[in-house]
Structure formats: C-alpha cells, structure tokens
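Note that the protein sequences, when read in sequence, are chains A and B.
Letter by letter, the first sequence follows residues 1 to 380 in my numbering.
Letter by letter, the second sequence follows residues 1 to 143 in my numbering.
Just so you know, the hints here were simulated from the structure itself, not pulled from any lab data.
Fair warning: there could be bad hints in the mix.
Simulated DEER-style distance windows between Cβ atoms [as the list claims (entries may be wrong)]:
#1 B/A16 with A/E182: 31 to 39 Å
#2 A/G237 with B/P15: 48 to 56 Å
#3 B/S45 with A/G314: 43 to 51 Å
#4 B/R124 with A/R306: 41 to 49 Å
#5 B/V5 with A/A251: 35 to 43 Å
#6 B/S106 with A/N185: 16 to 24 Å
Computed from the model, here is a short list of chain A residues facing chain B with C-beta under 8 Å [said to hold, decoys possible]:
#7 K92
#8 V189
#9 Q246
Only pairs whose alpha carbons sit at most 16 Å apart, straight line, appear in this in silico EDC-like list of lysine to aspartate or glutamate [unchecked claim]:
#10 B/K132 with B/E9
#11 B/K18 with B/D119
#12 B/K70 with A/E123
#13 B/K132 with A/E123
#14 A/K215 with A/D42
#15 B/K127 with B/E91
Positions of the beta carbon are idealized from the N, C-alpha and C atoms, including for glycine.
This is what each chain is made of:
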Amino acid sequence: MDVAIIGIGLHRFGRSPNMSGMQQGASAVRAALADAGLSWADMQFAYGGSQDGGNADALVNELGLTGLQFTNIWNGCATGGSSLHAAYSAIKSGEYDVGVVVGFDKHPRGAFNPQPKEWGLDEWYGETGLMLTTQFFALKTQRYMHDHGITEDALIRVSEKAFTNGSLTPTAWRQQALSYEEIANSAMVSDPLRKYMFCSPAEGGAALIICNASKAHQYRSNPLFLKAAAVRTRHYGSFEVFAPSQAMDVADAPTVTASKAAFEQAGIGPENVNVMQLQDTDSGTEIMHMAENGFCEHGEQEKLLRDGATGINGRLPINTDGGCLANGEPVGASGLRQVYEVCVQLRGEGGARQVPNQPKVGYTHVYGAPGISGVNIITT
Amino acid sequence: MSNQVPLHEGLFTWPAAKPQLLGSRCNQCAEATFPAQPDCRSCGSRRTTIVELGDRGILWTWTIQTFMPKQPYRSDETPETFRPYGVGYVEMPSGVRVEARLQANSPNQLQIGMPMQLDIIPFRTDKNGNQKMTFSFSAAQGV
Ligand SMILES: [Zn+2]
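For reference, chain B alone in the conformation it holds in the complex (with noise of 0.2 Å):
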C-alpha cells in the first residue's frame, strides 16, 4: 500500500483516531480562522494560539463545481475522469465558517443547515507514489 501523507501540514491531526481541524484562536480577542495564523485579523494581535477546531459542523452554504479547475488546481483527474465536487462554508462549533470541499457532488444531497462530518481522504498521488491526503466533509452520520 502507498504511503499516506498531508497535503499540506498544519491543517489537520492526522493520523488519529478522530481527526480535527486546526486553526488559531487568538488570545486577545478569542476569535479564530483556519487555517492557523500567527497574527489576529480581526483586532491585530501577534498572539495566538493554535486550536483544534472540531469536526463536526453544520452546512452554512454549498455549491456544486461542475467544470473542472483550471490551473492551480492540481488532481490527478483528467478532463475526461473530472468529476464535480461540492464545496462548501461549515459553521464550527468552535466559532468559525470553514471553505472545504464536500463529498456530495449533486444539488439534492446537500442543504443548508445539514450536519457535517470531517473526513481525511486522499486527493491525489506525488510522484513518488505518495497519496496526498486532505480534509473534506459529508453529511454526518450517527451523533
């Protein structure tokens, strides 16, 4: 089996039992953004502290991209095994709207308000066989 690696660290535990998002929340004001940032957006502060955002969540928006990515996008699809994707913003409970792609790819799946589940999958492979891994949600199963 090939070798699982993030995409890009700092986003997510992984691997772990139950996966989280990191971001920062900052010690001053208390809000947070993801990914993780050194400094404040919203008052200007340089202190913050990296957190662990959930993951679980609940759809804010959604829509379906049906045409496939030009540059920087980079999957190993062609435009012939392209396949849409949803995308969406999912209100954390730790106090944050996060962009992820979702598993749904099809505008009957997917409804503002849904719970949403985080799921580490692989996205595409490097040249050295390695699966690229990242974050994505589908609708929450169980509670």
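The shape of chain A in the complex, shown without the other chains (with noise of 0.2 Å):
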C-alpha cells in the first residue's frame, strides 16, 4: 500500500494574539481539507500533537466530534515527523485509507525551559544552568567546526540565506532579509552562535491529508506520494542534548541512521533529491544536518555554502521557506511545515521562492530532544 499526500493546510507561524495554539490547528487542518476537496467528516483517523498548545485530540472541540480516531503523539521537537510516521503505517497496513496529521503550538516568549525531571535527569542540572539546547547546539557545533574546519562565514552564510528566502516566503514569520553585516555583528548568544543564528519559539499549525495512493487521483490530479517516513532515536555514544556526560567513542547521530532509513525505503540516494528541509534550529545544526542527511561530506558545507549552493537556485536548495530561522519554531507545527513546504515545491506553488525546474524529489528532516531524528521522502 503506497502513500500519497492530498491536502497541505497552513496556519501562519509567528504571533496570532487572538488566537489560541488549538485554534491555530483547527484553522490548518480546515486548509489542507480545503485543498483536497474534502471534509472533516470524511477524516477516518488523525494523528496530532503540540507542546503548549493543549492535547490535540481536543481538535475535535472545533472540528466536529465525528468518532474519528485521534492518537495524540509527542516526541518533543520531531513531534510532526512522528505524527506522519504514524499516519503513513496506518495507511501502509491497509487499515485506513484517509486521515489527517496535524501538529500546532503557541508557546511563552523567549527561550524553552525544560525541567529535568521529564528528562530522567536530577535538579542539579538544571538549576547549575546546564540545560539549554542553545548551549548544546553551541557546545556541538564548536566542536564540529574544529574537527572539520568551518569557520563563522559558513554560520552567517546560513542564517543569510535563511532571512532571504523568508523575505520571498509570504507565510514566513521573520520577512526582512539581513545583510550579512548584520547577522555578522548580531549579538553572542552562546559562542559561536549569535542572536541571528537562532529560531525562536513562535505559534503556528499545519496539517496534512494522506491517503492511500490508489486512490488518491480520485481527489486530486497531481497527489504527491510519501515513499518514506523513518523515526530513530540516539545511539549509545552519539553526542545529545541534555547529556551530563557523553561517551568517548562517538557514534552516529539519529539522523544519519534514520536518513539511511528512509533512502533505503524510497530505494534511492541523496543524489536524487532536488529540495530539502534540514532542521536549523540554529545555523550551526543546519550545517552538520547537511552531512548528516547524506548531502554533502562533513567539511565541504564551507565551499557550498560560499558557492551559494544551498539556495534556491543552487544545487541543494535546502529551507526554502527560510526554514525555523525564518518561521520560528511551534515545536508541535515544525515538522509538518517542512513537509508543507517541499510539497508547495513539488507543485510548482512556490512562487518568488519556487526552485526552478521542476523538482521531483523533495527530503524533510527533523530532530529533537534528546536525540530524536525523523526523515521524510516526497516525490511527485
């Protein structure tokens, strides 16, 4: 049983005062049913989640209590790429044959402050001030800088072309491009990342429709299809957030076993592959996420990234839409908005942004806490 996509639903990230995390998810699932030319009544199971913003299966408040099935999944900032791992084996074992997936958040301003007990880890951690993904994204990109000679001007190249492309993005959070100047002065944050090398938390909800490839043509002339959905967690040894203390031997991280994962299932390579989202929660991770998804060899990102070959109209167009450092991060949302994005280019929806010639093969990948990776494939 293949798996095929029919309807994309965005719910804009960045600030919607007036509405809350739930209302954000309502909205875009109302969207993605709307492009698929159906109705919620039809959904036959839906799989959902977010941080903040409430339980999901609560959707059905605002939707319609239609005796769905609604699983509620979580798994911090792969939240998204879980949820549609759990609705593409729905459909793959033949139960189902249409369902939605749907991720949303609202989060406080500023920083995430995890507790350390929902990480199996004593107070002591976190009260000596050791618990910041910011400080851990900083700690393992300045060691992956040193092992393979990148220097700051592939960090601001990164965090450039994300504001960019999000000034050519109209559902971006974060429209104004920066000059590299800018982002180059921008405050330290967490040496060696600064102020505009980081996402912040934002609001926002997406969602999509999926159905079974057989029958997806009934619903619409150019369905795409998901050839791959892998989720993996971390090995003993791969360097994570939230670790007091890291093994000497390092082994690979999640993403390099579920990206391996996922090119197995669609039976092809990263060479095929023509738009990428890479999860950036900060320019550092885009970077080693290049690698690590099987684009490039660790060390080579300087050259691309000086040769502007991660934009739009370079050879690896990699965060389109400006990725999290243009749209924020609503942990529950983020990963369904890069499937949502590498579908409006699979399209040919992408407008000022759109990468040229056509693109057949688009790749999403997220990662979370503590060492989560979750890889998508999705071809015309």
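These two chains come separately, so use the hints to put the complex back together.
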C-alpha cells in the first residue's frame, strides 16, 4: 500500500495574538481539507501533537465530534515527523484509506525552559545552568567547526540565506532579509552562535491529508507520494542534548540512521533529491545536518555555502521557506511545516521562492531532544 | 562562617584534600558515565560500580552562557548581578567526557585541547544560610 499526500494546510507561523494554539491547529486542518476537497467527516483517523497548545485530540471540539480515531503524539521537536510516521504506517497497513496529521503550538516568549525530571535528570543539572538547548547546539557546533575546518563565515551564510528565503515567503514569520554584516555583528549568544543564528519559539499550525495512493487520483490530479517515513532515536555514544556526560567514542547521530533508513525505503539516494528541509534551529545545526543527511561530506559545507549551492537556485536548495530561522519553531507544527513547504515546491506553487526546473523529489528532516530524528521523502 | 554542603550527593568526593568527580563504570563493558547510575546505557547491564573519574581533564568543547537562564536555573543572581559563565565537556582520563560549568567566561580564555582541573565551588546559598557547593573546571595550574 503506497501513501499519498492530497491536501496541505498551514496556519501562518509567528504570532496570532487572538487565537489559541488549538484554533491555529484547527485553522491548518480546515485549510488542508479545503486543499484536498474533503470534509472533516471524511477523515477516518488523525494523529496530532503539541507541546504547549493543549491535547491535539481536543481539536474535535473545533472540527466536529465524528467519532474518528484520534491519537496524540509527543516526541519533542520531532513530533511532526513522528505523527506523520504514525499516519504513514496506518495507511501502509491497509487499516485506513484517508486521514489527517496535524501539529500546532503556542509558546510563551523567550527560550524554552525544559525541566530536568521530565528528561530523567536530577535537579542539579538544571539548577546549575547546564540544561539549555542553545548551549548544547553551541557546544556541538564548536566541536564540529574544530574537527571539520568550518569557520564563522559558514554560520553567517546559513542565516543570510534563511532570511533571504523568508523574505520571499508570504507565510514566513520573519520577512526581512538581513545583510551579512547585520548577522556577523549581532550579539554573541552562545559562542560561536549569534543572535541571528538562532530560531525563536513561535506559534502556528500545519496539517496534511494523506490517503491510500491507489485512491489519490480520485481527490486530485497532482497528488504527491510519501515514499519514506523513518524515525530513529540515538545510539550509545552519539553527542546529544541534555547529556551530563558523553562516551569517548562518538557514534553516528540518529539523523544518520533515520536518513539511511529513509533512502533505503524510497530506493533512492541523496543525489536524487531536488529540494530539502533540514532542521535549522540554529545555523550550526543546518551545517551539521547537511552532512548527517548525506547531502555532502563533513567539512564540505564551507565551500557549498560560499558558492550559494544551498540557495533556491543552487544545486542543494535547503529550507526554501526560510526554515526554522525565518519561521520560528512552534514545536508541534514545525516538522509538518517542512513537509508543507516541500509539497508546495513539488507542486510548483512556490512563487518567488520556487526552485527551478520542476523538482520531483523532496526531503524533510527534523531533530529533537534528547536525540531523535524523523526523515520523510516525498515525490511527484 | 556559613556551612558548606554539596548541591547534590554523589557527584564528587568532598570535602577532601583532592576532590574527585564520581561516576560509575559498567562491570560488563567497562564504559564509564557521569553521574553514577545503577544500569549501563551502553550494554544494558545492571551491574555497575561507583568509581572516581579524576580531577583533571582536557577541554573537548566549550561555549559561553551569556544570558541568565530561566528556571530551572537557580542561583543567587539577579539579571543585574548575573555573570556569564563557561560550559564545556571535559575529557577525563578515566574515559568519559563530563559536562561542567567552566570558571572562564571569555572566549579568549578557552581553547579546545587545553588542560583543565576540577574545583568544588560555592554555587548558591540555601534558606538556612548554607552554601551549596557544585563542581566546575578551570585552566589547570602546574602539573
Ligand atoms: Zn555496559
């Protein structure tokens, strides 16, 4: 049983002061249903997740009490990837023909403040100021730059591209392009990462209608196909967030194993991908994720970025809507926004940010604490 | 003088002439971890032994925390008195990299590969006036 994506919906990321997180999720579902030409009553199942926006299954109060199976998913920043994986499996198994995947969130302003005991850690770890995701990504980036000869120039160029792409994306939160100098001179937050190299928590919603591929053409003439969905957790030795200690032998990140599994499922390789969304909660992670997902060698990023290879008109268009850097990260919705954007690109509806030459294969990647990755491969 | 007590039991030997970090080592696969835990994340064995991890190491990576973290951070500082602090992973000769606060708080004081030493330092004062002690690393002095 193959799996198709027949509807996509987004509630714009950023700030929606007069709407709850739940309402933003419902807004995304309505948009996805309208895009598919279906109604809520047609949905046989739903998977959804949110960190701060409430229980996803309470969306039925907004959308209608139809009695459908609705399962809540929570997997940190990888929630969207995990929800889509669950829906993919539900269709693959033959149990259902059509359903919805939804993510939404509404976070308080400022950095996240995770609690030690929710991550199996003692209070001292949080009390003494070691439990910050910003800090971890800085620590990982610092070591990565040292090992692979990456300089600050690459970090700046990732942000420059993100805000340029954001300025071309009507749904992006940050629509103001930033110059190289503005980024290079912004305040140092956690060495080597500066203010404009980090994304912020935000609000928003995203939803997808997926169905049994053999029925997809009943709904639309240009369905897309979800060729692979893989979710993996960390192995012993991978360098992950919220770890009071690390093993001496560094193992492959969960992104590497999820990516390999997804390429295997899809029967293609990184060289076949035309447009990709890679988790970019900061510019250092986008650089590391380029190599961890197999799109380049470690250390090659410096030159690729300098040559503009990852821009919309480049060989490896990454985060064409500005990614997390320009859209912010409403945790529950973020992974599904990536899929939304890849679908827009594959349909050729990207407008000013459209990747040229009719891209046919898209790729999405999320990474979450404490070491989980979700990868999807989508084709025309 | 106020009483000094560890912020958390079992993280380090203290008071001691030469305090040591405490961790555990797996009886089966010999992997070490910090803090000590009763089971092994590497092989799943339930047989581990508490061991001293040492008091010297090599800086493996570092950053500077420039803004005052929100709760669960709990120090005596206010946003006005907050002083940026270093954070790093220190590679211990006992075979594990330990995340720790660093006393250096400026990029030009820190370099990957530099030798570090363990310090047990006051972190905050509790409601009874006791000084809560935690572990930290600074540039190693002498040999
Ligand atoms: Zn073991």
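Hint check:
At roughly 51 Å, the beta-carbon separation of B/A16 and A/E182 lies outside the given 31 to 39 Å, and the hint is violated. For the pair A/G237 and B/P15, the beta carbons lie near 34 Å from each other, so the given range of 48 to 56 Å is not met. Between B/S45 and A/G314 the beta carbons are some 49 Å apart, a value that agrees with the proposed interval 43 to 51 Å. B/R124 and A/R306 have their C-beta atoms about 46 Å apart, which keeps the hinted 41 to 49 Å range intact.
Between B/V5 and A/A251 the C-beta distance comes to about 37 Å, which sits within the given range of 35 to 43 Å. Checked against the given bound of 16 to 24 Å, the beta carbons of B/S106 and A/N185, roughly 19 Å apart, stay inside it. For A/K92, the suggested interface contact is broken, since its CB lies about 30 Å from the closest CB of chain B, more than 8 Å. Because the closest C-beta pair between A/V189 and chain B is about 6 Å apart, less than 8 Å, the hint holds.
With a cut of 8 Å, the hint placing A/Q246 at the interface with chain B holds, because the nearest CB-to-CB distance is about 4 Å. Annotation: proposed proximity of B/K132 to B/E9 holds, straight-line Cα distance about 11 Å (limit 16 Å). Note on B/K18 and B/D119: the hinted pairing holds, with a Cα-Cα distance of about 9 Å set against a maximum of 16 Å. Straight-line distance between C-alpha atoms of B/K70 and A/E123 comes to about 14 Å, which keeps the hinted pair within the 16 Å bound.
For the given pair, B/K132 sits about 13 Å from A/E123 by alpha-carbon distance, which is consistent with the 16 Å threshold. A distance of roughly 14 Å separates the Cα atoms of A/K215 and A/D42; the hinted pair therefore holds under the 16 Å criterion. For the suggested pair B/K127 and B/E91, the alpha carbons sit about 35 Å apart, so the restraint of at most 16 Å is broken.
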